[in-house]
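Just so you know, the sequences run in chain order A, B, C and D. Its first residue numbered -19, the first sequence is counted upward by one per residue in the working numbering. Its first residue numbered -19, the second sequence is counted upward by one per residue in the working numbering. Its first residue numbered 214, the third sequence is counted upward by one per residue in the working numbering. Its first residue numbered 727, the fourth sequence is counted upward by one per residue in the working numbering.
It should be emphasised that the hints constitute simulated quantities derived from the structure, not laboratory data. If you're wondering where the values come from, they're calculated on a predicted model, not measured in any experiment. Think of the CB as a built atom: it goes at the ideal place given N, C-alpha and C, for glycine as much as any other residue. Hints are not guaranteed to be accurate.
These stretches of chain C come out as covered by chain A in the derived footprint (C-beta under 8 Å, 3 or more residues) [claimed, not checked]:
id: 1; segment: 254 to 260
id: 2; segment: 271 to 277
id: 3; segment: 290 to 301
id: 4; segment: 319 to 329
id: 5; segment: 350 to 364
Using 25 Å as the maximum straight-line C-alpha spacing, the simulated DSS-like pairs for lysine-lysine come out as follows [said to hold, decoys possible]:
id: 6; chain 1: A; residue 1: K291; chain 2: D; residue 2: K1031
id: 7; chain 1: D; residue 1: K1040; chain 2: D; residue 2: K977
id: 8; chain 1: D; residue 1: K843; chain 2: A; residue 2: K162
id: 9; chain 1: C; residue 1: K268; chain 2: B; residue 2: K67
id: 10; chain 1: A; residue 1: K138; chain 2: C; residue 2: K268
id: 11; chain 1: D; residue 1: K842; chain 2: A; residue 2: K164
id: 12; chain 1: A; residue 1: K164; chain 2: D; residue 2: K977
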Amino acid sequence: MTLKAYVALHGRQFGTLFGLIVLCAVMWILTPHFLTVSNLLNVAEQTAIIAIIAAGMTFVIITAGIDLSVGSVLAFSGVVLASLLQKGVPLVPALAIGIGVGFFTGVLNGLLITIGRLPPFIATLGMMSVARGAALLYTGGRPISGFSDSFRYLATGKPLGIPMPVLAMLAIFFMAYFLLTKTKLGRYTYAIGGNEEATILSGVNVRLYKTLIYGICGGLAGLAATILTARLNSAQPIAGMNYELDAIAATVIGGTSLMGGEGHVFGTLIGALIIGVLRNGLTLLNISSFAQQIIIGLVIIVAVLLDMALKKSRR
Amino acid sequence: MTLKAYVALHGRQFGTLFGLIVLCAVMWILTPHFLTVSNLLNVAEQTAIIAIIAAGMTFVIITAGIDLSVGSVLAFSGVVLASLLQKGVPLVPALAIGIGVGFFTGVLNGLLITIGRLPPFIATLGMMSVARGAALLYTGGRPISGFSDSFRYLATGKPLGIPMPVLAMLAIFFMAYFLLTKTKLGRYTYAIGGNEEATILSGVNVRLYKTLIYGICGGLAGLAATILTARLNSAQPIAGMNYELDAIAATVIGGTSLMGGEGHVFGTLIGALIIGVLRNGLTLLNISSFAQQIIIGLVIIVAVLLDMALKKSRR
Amino acid sequence: RNQATSDGRPTIALVVKTLNNPFFNDMQKGAEEAAKSLNVHLLVQAAEREVDVEKQMQIIENLIESKVSALCITPSGSKEIIPAIVKANKAGIPVVILDTRVNPEALAAANGKIAAFIGSDNLEGGRLAGELMVRTLGGKGKVAILEGIPGHETGDSRLKGFRQAVAGSPGIQIVSSQTANWERDQGYTVFQNMLQAHPDIQGLFACSDLMALGAVEAIRAAGKTGKITVIGFDAFSEAREAVRKGEMTATVAQFPADMGKIGVESAARLLKGERIQEEVTVKIQLITRDNLNSNKP
Amino acid sequence: MENNLALQMRAIRKTFPGVVALNNVDFDLRRGEVHILLGENGAGKSTLMKILSGAYQKDSGKILLNNREIEIKNPRHSCELGIGIIYQELNLVPHLSAAENIFLGREPAAFGLIDKKRMNQSAQRLLAGLGMDFDPQRLVRELSIAEQQMVEIAKAISLDARILIMDEPTSALTEREIKELFARIRLLKSDGVSIIYISHRMEELFEIGDRVTVLRDGNWVGTHNIAEVTKPELIRMMVNRELTQQFPKIKAPRGREVLRVEGLSRNDALTRISFSLYEGEILGISGLLGSGRTELARAIFGLDKIDAGSIQVKGRLQKITSPRQAINLGFGFLTEDRKTQGLVLPLSVQENICLPSVERFSRFGVVSNSEETEAAGRFLKDLRIKATGLGQRVIYLSGGNQQKVVLSKWLCSNGNILIFDEPTRGIDVGSKAEIYQLMNQLTAAGTAILMISSDLPEILGMSDRILVMHQGRINGEFSAADATQEQILHCALGEAA
Ligand SMILES: Nc1ncnc2c1ncn2[C@@H]1O[C@H](COP(=O)(O)OP(=O)(O)OP(=O)(O)O)[C@@H](O)[C@H]1O
Ligand SMILES: Nc1ncnc2c1ncn2[C@@H]1O[C@H](COP(=O)(O)OP(=O)(O)OP(=O)(O)O)[C@@H](O)[C@H]1O
Ligand SMILES: [Mg+2]
Ligand SMILES: [Mg+2]
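Assemble the whole structure, with the sequences as input and the hints as a guide.
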């Protein structure tokens, strides 16, 4: 493929990337603290948790679904993991169970949607409430704190100077990219979102794949829980509130359509970074959290408005 | 229409009503405090605010849209109204402006969706953040409290022994029912949700009507703000958080499909009452808020699961 | 080593839990006054939501990046904030903790250091409220509690103090204890429902004034104003007004403005290389109708 | 004899709420034959085929494949059994490429990794075999309906099925593609593939069919060798009454000019189009797929922006920018795709029919139910729409009956310049004749009709004048009285008229 054809095909992602670059340039002009290696790593690290959740959300949204439960699932996975660690369960099995809890909650979402025929919004809205309640009940509302250094290394480690959460984020995005573009699972993800009925009639086991996709989304929320717990050295039952909104925003800013059938996972990464850079830059500029909310809301709106305008002009 | 035909046509609503009755019966068995006139009025009063918002949400959801901004819009309308009242603006103009602020924010949502071609989820997600930030910025984060008795009568008054919020709720639902079933606006609401393109091709000014519908939804959030402010004798910039989720849940439990094109506003009222009765009953039973969250999540899931099963069996 | 602002003044950052709560607004005001009189530059930041400790940690990280001279923090989580404190330690930025205590064992385990803690004793406040409740009810009666969000150090201490104080009086029966999530409208609804289940409730302790004020409206709606002993916490101006009108019996005053002021003063003195007191207990006081006017915040 | 049967369906019964779609229907299929399935709209043809493809489950009855009884559980199962189907309604994923659609669910892959190159090459070959030369990497949503239909056909063929079901594959095709398709069908037949073919175009049956089975109201009426029956006989079996004329054209007196289009251009799609339309006239527009006929209709109706040119309506220059405005000027536009553009599927028959006319039936914004019922009821009767009542949701109607609802919608709105884009697509002969009668009545009353159609006999049979489009231009004009199919086809292929 020629470069030009490539740009034409992925124009949307370049648009988002361009937006990110402009944003960075503006921050660089406004504050000297922004463009330093340590601050950029800081931004990447802060973005990692939302970005990892958003990677899973991208799969779900491409199928024309949505997952509102990720924040609660994160909390639930986190407290389960933390309680296991505190009971002395070794690291690897504890991690496997913690992430597994996320995966299975996701699968449960998937089953409600495929077998129970619930709209994803409703199934995951219900699960959001149930998983949050479960996390609170499990812990009696109290955080679980204090872990071994080997566990904390998952968030505090810096092999080659790069924070672990950033490495995890990059690994997840390359895997997600591979899954979405090269494999059957990816193809069916797009097909289900584009026309579910036609996909069923083509003989694809849509129930299986959809369930799996919600499982992946839940599993990534579990992974995010691991990093968050290690980072805060504490698992809170009230962690992750409203993360679903940030993850959805990152996905949509990154060019994935809520109508399903289209989207790119690297766009999502850029979307998450845009939100991260904004939050970071606005704090560096000492803009109040009130004004930050307004600005972030406007950025979501303007990003997608521009996207729509571009799409229209390209047709 | 014969009774039988009527029941067949509105079977879905009777199903929800039946659910509400069963729930009430269970509560009645479990606690003697539930089935008293004063408690039932309490439930109705507590439900009124969410129900009024959900009435507007029903219009929006029938058009296959969604409005995530209602909670924030409520807060913003509330603080504007409160600041006007405190500045000595007379009741009627202050109310008009307060509700008007909600209406115009809704119209802004509508314009972003129709002219800007944003998906409703995104437009209102952005607005959710912007309106919340605006409410906080406007007040510096502080509540505005203390109003005249004439204003407070809007929440505390009990003409004929029925609390004002309940009267307002009933009035709104009858109006909404009339609008949806008897008028052009209602017909177009369903048509837009059923097939927007076909509706445009039929010569309907879809942009106008959609914008109006989001305006109505915002205006009802403004009305809810009035009642909430009068009820608490205080307008808070952080009021109404997560109300959108309750309103959506009420609408969907009431049988309105998120896919658009179908729905009944009285179903929504019943849906809101189900949530209200649950919250009330569980508190009467002194069930912890953790368990309450789990139960409410399960009720949302089970209600819609039953609905889907019924629909399937009816085809 | 620490970067000063362009005009040469040091920069002190105050990171509160949230700015949409009058308590922290007052703290901000006290801090601003101190900053002005000491001629230091003050930044005030907060997360959108009071319990969002991850956001608070990000804000602190960002402030460390922007090389502030000192940090004053009211932790959103008393253990969760420790990694952020450690980061500040590593960057050589002194940390002063306000209002909510950091868990000392966890801090020690993480090798973290704080320069000072400035706050009031929430446990003591809860105890004061409990004792007043016992006294007002004559040692006998049904009492309800509105809790804050569970797992919150401040709320938990207040609750614990209150329960300890009433535990000694077997005549006091706690009939219902539910969270209203620090929110005014939930305070209204939850207490309305409690009244329904227990119409003979004689006392209410709310872990914050916001919830208490919501409950006051529920009491008014039930026509029971003045018949129920309502004790809140924080002593907002609105709550004081309610005490004056007899709608509330008392509220436990903390003095957030003092905390803000002392916090900034301590940080400024640290930056000048002076030694400071490692623990300052800001007074805590029951505000009743009797001492209402003698104790402005 | 028995072992020559690829498939037998015995006493198949299927009900939907309030409808018996199939009532003990028998059907059998020989190896290597093209078996035509014929019947009015709603007779149950598609339902029978969907049972075979696993999309629906039968209530009772038996299915024997190669003399072995089987239960078809789902679409995947049916695929595995060697049954391929082209559904009546397009079933493609618009966001995927043609190649990806063709191989959806059967991607050439190793270890879950898709071999894109091989897939695109195979798709290219398949499409070429159908005379299509577009790039298989193009997204389906960018293809015209006809091209999409060819993708569906390629997809079904690629299954290497032993039994191939085609449910109205030609309703969106023009003569050229139909020829290619038939050539392909003959090839498959010679390989021993059995084909079930459904169409409402009677000419096709005799060209391609071996045997024919007729259904009526869910009942089996008869099975015959094509060679032994005549068209009128078949029609009688289908509709249970005599149909005198297939194209009952009555020429109406030509009145004044109601529409004058001059030099209309839009992007690359339309170039300097000029023509006039008169009261009482049916102006047919013919052309190959993608020749720009639909684009022209959309431009006139105010849906797409015009770059140059003018439109005069009843002598007055108009700038039409929205359908609303077009409707107010007396236009009506029956679109070619009823599912996505014509109908609001969850709404009732009445609500759909009255949608463009709600304004007329309301006072102060309140809609009069009785007026609506009266108006819609008339069309239900006049057009013999097969529905349980005005309140039935159109989603439950058969394709042909849905088309009649769309038609009623524009008749109800009292338009006097009607644009019909493929008005009888998927409509049975009986109903077609009714629709033609209706067009006669309309023109007699002075209505002007612009009829876009890919059905040449229809164009010739019903038009007064015929415009032929080629690559966005008008390449020729004919008087229907003296034009022939060959002339029009040549003109459509781009040769000078
Ligand atoms: N999903 C469904 N739900 C309810 N009724 C249905 C459904 N599908 C078909 N029907 C009804 O079953 C009958 C047969 O429909 P079918 O689609 O098989 O007709 P058809 O012969 O293919 O007609 P056409 O030529 O119009 O395509 C019709 O009366 C139709 O209304
Ligand atoms: N949605 C679309 N997106 C992109 N191109 C389109 C779209 N619809 C049509 N086209 C292209 O526009 C041109 C004109 O199409 P149009 O539908 O007007 O032709 P037509 O003569 O009506 O043919 P038919 O209806 O038989 O397909 C064709 O090249 C077609 O491929
Ligand atoms: Mg059919
Ligand atoms: Mg066309």
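Hint check:
{"no.": "1", "hint": "254 to 260", "result": "holds (count 5)"}
{"no.": "2", "hint": "271 to 277", "result": "holds (count 5)"}
{"no.": "3", "hint": "290 to 301", "result": "holds (count 5)"}
{"no.": "4", "hint": "319 to 329", "result": "holds (count 3)"}
{"no.": "5", "hint": "350 to 364", "result": "holds (count 3)"}
{"no.": "6", "hint": "K291/A x K1031/D", "result": "17 Å, holds"}
{"no.": "7", "hint": "K1040/D x K977/D", "result": "21 Å, holds"}
{"no.": "8", "hint": "K843/D x K162/A", "result": "12 Å, holds"}
{"no.": "9", "hint": "K268/C x K67/B", "result": "36 Å, violated"}
{"no.": "10", "hint": "K138/A x K268/C", "result": "21 Å, holds"}
{"no.": "11", "hint": "K842/D x K164/A", "result": "11 Å, holds"}
{"no.": "12", "hint": "K164/A x K977/D", "result": "58 Å, violated"}
Checked against the numbered hints given earlier, the structure breaks hints 9, 12 and satisfies all the rest.
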